[in-house]
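Chemist: Put the two chains together into one complex, using the hints given.
Respectively, the protein sequence lines represent chains V and Z.
Under full-length UniProt numbering, think of the first position of the first sequence as 1, with each following residue one higher.
Under full-length UniProt numbering, think of the first position of the second sequence as 1, with each following residue one higher.
Think of the hints as simulated: they come from the structure by calculation, not from any bench.
Bear in mind that the values here come from a model prediction, so they are computed numbers and not experimental data.
Do not take every clue at face value.
[Unchecked claim] Rough simulated footprint, nothing fancy, chain Z against chain V, three-plus residues with beta-carbon under 8 Å:
id	region
1	65-79
2	82-88
3	99-108
All C-beta atoms, glycine included, are put in the ideal place defined by N, C-alpha and C.
Below are the chains, spelled out letter by letter.
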Amino acid sequence: MAEIILKSLAHSYSENPSSPQDYAIREMSHTWHQGGAYALLGPSGCGKSTLLNIISGLLNPSEGDVIFDQRIVNDLPPEERNIAQVFQFPVVYDTMTVFDNLAFPLRNIGTPESKVKPRVREIADILDLTAQLTRKAKNLTADEKQKVSMGRGLVRDDVSAILFDEPLTVIDPQLKWKLRRKLKEIHEQFNITMIYVTHDQLEASTFADKIAVMYAGQVVQFGTPTELFEAPAHTFVGYFIGSPGMNFIPVSATSEALMYGDLSIPVGQRLVDAARRCGTDNLKLGIRPEFIEVAVAPGDGDLEVSVKDVQDLGTYRIMSCYLGEELFKVRLNEDQPLPHGLAYLRFPERWLGLYADEYRVEIEHG
Amino acid sequence: MVNKVYNNRAWLLVLPMLALVAFSAIIPLMTVVNYSVQDVFDANTRFFTGIEWFERTLNDAGLQAALLRQFAFSFTVLAIQVPLGIGIALLMPKRGWQASAVLILITLPLLIPWNVVGSIWQIFTRGDIGLMGVGLRELGYGYNITRNPVDAWATIVLMDVWHWTPLIALLCYSGLRSIPEAYYQAARIDRASKWAVFRYIQLPKLTNVLVIGVLLRFMHSFMIYAEPFVLTGGGPGSSTTFLSQSLATMAIGQQDLGPSAAFSLIYFLIILLVCWVFYTAIMNMQKDKAERGGV
Chain V
1 MAEIILKSLA HSYSENPSSP QDYAIREMSH TWHQGGAYAL LGPSGCGKST LLNIISGLLN
61 PSEGDVIFDQ RIVNDLPPEE RNIAQVFQFP VVYDTMTVFD NLAFPLRNIG TPESKVKPRV
121 REIADILDLT AQLTRKAKNL TADEKQKVSM GRGLVRDDVS AILFDEPLTV IDPQLKWKLR
181 RKLKEIHEQF NITMIYVTHD QLEASTFADK IAVMYAGQVV QFGTPTELFE APAHTFVGYF
241 IGSPGMNFIP VSATSEALMY GDLSIPVGQR LVDAARRCGT DNLKLGIRPE FIEVAVAPGD
301 GDLEVSVKDV QDLGTYRIMS CYLGEELFKV RLNEDQPLPH GLAYLRFPER WLGLYADEYR
361 VEIEHG
Chain Z
1 MVNKVYNNRA WLLVLPMLAL VAFSAIIPLM TVVNYSVQDV FDANTRFFTG IEWFERTLND
61 AGLQAALLRQ FAFSFTVLAI QVPLGIGIAL LMPKRGWQAS AVLILITLPL LIPWNVVGSI
121 WQIFTRGDIG LMGVGLRELG YGYNITRNPV DAWATIVLMD VWHWTPLIAL LCYSGLRSIP
181 EAYYQAARID RASKWAVFRY IQLPKLTNVL VIGVLLRFMH SFMIYAEPFV LTGGGPGSST
241 TFLSQSLATM AIGQQDLGPS AAFSLIYFLI ILLVCWVFYT AIMNMQKDKA ERGGV
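Isolated chain Z (complex conformation) (with noise of 0.2 Å):
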């Protein structure tokens, strides 16, 4: 038998860690918390309002449109990019100093910075300097991205196609690198059609990447700020306002900080919200073949 020792003072040791999180997570969040129950005037001056707040922002016609625009903006980009992704890491070399090019070449988009891309995209698409600006015009349509809401808005997830599908790409790359030699040999004995051994071989061993490719760009599409902000400013009108960018101009812009403080939690909360039931369903999933599979 081993003879346990009882010593609460082992929680001392758990201290340190305890103060990291507090100073990192824990007191921010709960000053924003603090925040989005109070109308703050001055320094000195702050009246408890409740929940009055969060009835307002989910209220808030604009920050509702804004919402919606933001899940439409997300999904788009999603279903772009990962049969994109999936199709171009098929595509590429397998091996050789061709394999090393590509994995360059793909990698570029995700090294810029995010600001940096909006403004690469603000003058790339320019009516008078601008490469797809003035070659669009010159064939004919009339682009504008200031101007037409459907321009501002395509030209908005081309750029975060640009931008984000080699993420996809890698990742799947990677997994596809993963499939061991044996499972090509057996489908060609088999008979298989292209189409059957990416159906049944080559799916079914990415569906591990692809969870966290398609969690890892939900929550990066869904937070999207710099790359509009410096495109499209938001506009035209509201056409591109996507959720961070309502909260910037509310909190910086107008200093309410009590809305924008209950707006922040509800904006974190639905992030929370749609990353656990998309994990849960896909773990359910995977879950059920095995119980299925069990009988």
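Chain V on its own, in the form it takes in the complex (with noise of 0.2 Å):
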């Protein structure tokens, strides 16, 4: 049972890192809670798989302190953190069958032989491996083997957390939700804090309960999937997260409105108050896909957009336009008449988001 915390966590693998550059992992304070299901998100080389060793401690952060419990444990090595991690590539004992495989950990603890039978089959039971525990585990598929090395860190009872460092790569996709559901199984059966590394959205978003979406060495959103969906604090989760990603386009502030160019974008005085403040010239302003609303007739207020193309998927289309020099991508339901040639889009206020430096800008909406 553990609480996690990184206080002030950095990490570099150069020696003297003088730019933030330098860093793989920049400065951040993040609490993980006993008993969660997290997920980290982030694209290839964001520094997540860096994050994940600095806690269970195959690396040792440059900076900063790992916590769990209230007790620093910078300097203990991974087998006194009493955490499990699961590799990209399943790591087993090969020529050890599966029964030894799940027993190692607890035999290499000196627990007596009585005490270790029945909890491997019990373990065994769970991660339906019984058929398989006298089968050496070289011969095992690679979902079987991913489970087995889940249950080396399951079969001690002390374990406090169970990190994944990208699990599901190497699955056959078939098999994937069924290994993804057992996952969530457990997570509910042992109340075990779960960290799971991906760059996979959808599989972040169906495994955890809070996701922290990482970009360039940094934490830059931790929320619930339907926050990093509809506010998110990024640019990057803008992009990230959804498909296709949200639309962003640069603006300026006058006195009365927000510009796009020469084009005035109708939003509210709030926003544009809001934009004023922010005292940059780095302005974005971001939409989803989903929550355009398109008409095939001008309107009063609307922006008028020339359509590229349309691409059916389906239950829904999504309709490529350019407003000015910016591509556009518009959500379609089925049912809605399709434009041709020039559409009118209008942006619900609620569903705008203004980014200042790239990061979101709060507004009470009232």
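Modeler: Encoded structure:
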């Protein structure tokens, strides 16, 4: 059982980091609560595996502290942190049977054989591995191997957190959802903190209660899947979550309006005021393709766009269109009329996000 | 449907290959077979002897002793070189300039020609000027490889270990490098001891390179010739006379073409047999694992 706190944590692989670019993990503070199911989501190379290895103790952070239940564990090796880790490629001990694999961590701490047996059977039962217990681990399929390596984590009853490093990468697609559901089940059953690293937003949102989105060594947003979707805290979250990602246009603020080039974007005064208070030139307006309203005939305050193409994706369509130079993606439902040549967009105020220096500006909606 | 064209002239394409193999292997081997069943006096005088040479070779007490000596030698050097090679590979630095430096140092003995190795050790062990010979005598041990068979044996084994352990070490080193880091990390998390890491991660992953290493080393050591020939000349007495030296004495020294041809064939078959048994045993072990796993 553990609450994991990262306190002013930063990590650099170079000896003398001078610029923020030298850091694989930029300074962050973060709390993972006991029993939570978390996902660390981000593109390759954003530092999520580095962060995971710092938590598990395989890497020592160059700055800051890792705290497990009020205890600083920076100098504790992984074997003393009571965590388990499941790797991208299944790690099993080839020459051992599944039973011996599962019993391995118990035997290593000198558990009497009379206790090993029932515990291994129990875990095998939960993971649906009972039928494979006498088989050599070498001949298992990839998903069975991943279950074995997860089982080695679960079998110790002192394990407080399980860390997953893209565990479904090598699993066949049709087995992925099965294994993911198994993970969910285990999480509910064991009340263990689980941190799941992935670059797949679908995996993250089906597994986790809360997702930490990482970008360039920083957690740019930590929230529920809904929060990430409806109110991305950073332009990167907007791009990365959702398919297609959020639309962004660069804007500038005058006293009454937000301007995209010479074009005035119809938004409320509250938004304009907020934009003016930011004091930066790097202002962006963002809206998700799902929330844009489309009309085939011009209405009051609508933005005229030229339609490039419409992609039919079965239950919905994605319309690509140009507002000036900017490419917009708009989601159309099946029953919506298809615009030709020109379309007219309306941005509902509630779904508009204002971004100053890539970060979302919070605006009170009245 | 694909229409298959049957044209046996395609066999002609195999001919160049056949010719090559014939000249490189079949014809020389058949010459030996030819000699082994005849008693050759000169270019025009020869008698067919059947299996007489084979019988004589197999019953020759000197050759039997040499064969036993040969097996003893091969197993001794393997028993030392394999564990030692694994040990060295485990201790070698994993990266950086140290890794390259150690690799080069380790590889050096492998680059030295056989009879140069023999000469080096011949000088090294001399009682009057050799570092090892003089050193051991200074320490009070009456070291003499020309008189004492135990000294001669120990020196030849030591020389072979020095010359060939690097091969096992290099093979194991490459095998160890191919183990993904995640295995070690998982083992740490599972609180595996150093021994358990070796036993359950490193050794299983080394099986394949070790099979190659042991086969190579067995063949090499079973055919050893130049090094002991230069170092001890097979002595004292015949205590370090191995099979290939007996063969050379017989074929070149005494010009006994018939018996030495029969001997060569037996020698060849023994190596083939041992390698086959070893290889089949290892492969069966691995297949067994798979089959038992499949239940």
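Chemist: Do at least three Cβ atoms from the region 99-108 of chain V come closer than 8 Å to Cβ atoms of chain Z?
Modeler: Coverage by chain Z holds for the region 99-108 of chain V (3 residues, Cβ < 8 Å).
Chemist: For the region 65-79 of chain V, count the residues whose Cβ lies under 8 Å from any Cβ of chain Z; is that count three or more?
Modeler: Holds, because 3 residues of the region 65-79 of chain V bring their Cβ atoms closer than 8 Å to Cβ atoms of chain Z.
Chemist: Can you take a look at whether the region 82-88 of chain V is actually covered by chain Z? Rule is 3+ residues, C-beta closer than 8 Å.
Modeler: holds (count 5)
The structure is consistent with each of the numbered hints, conforming to all of them.
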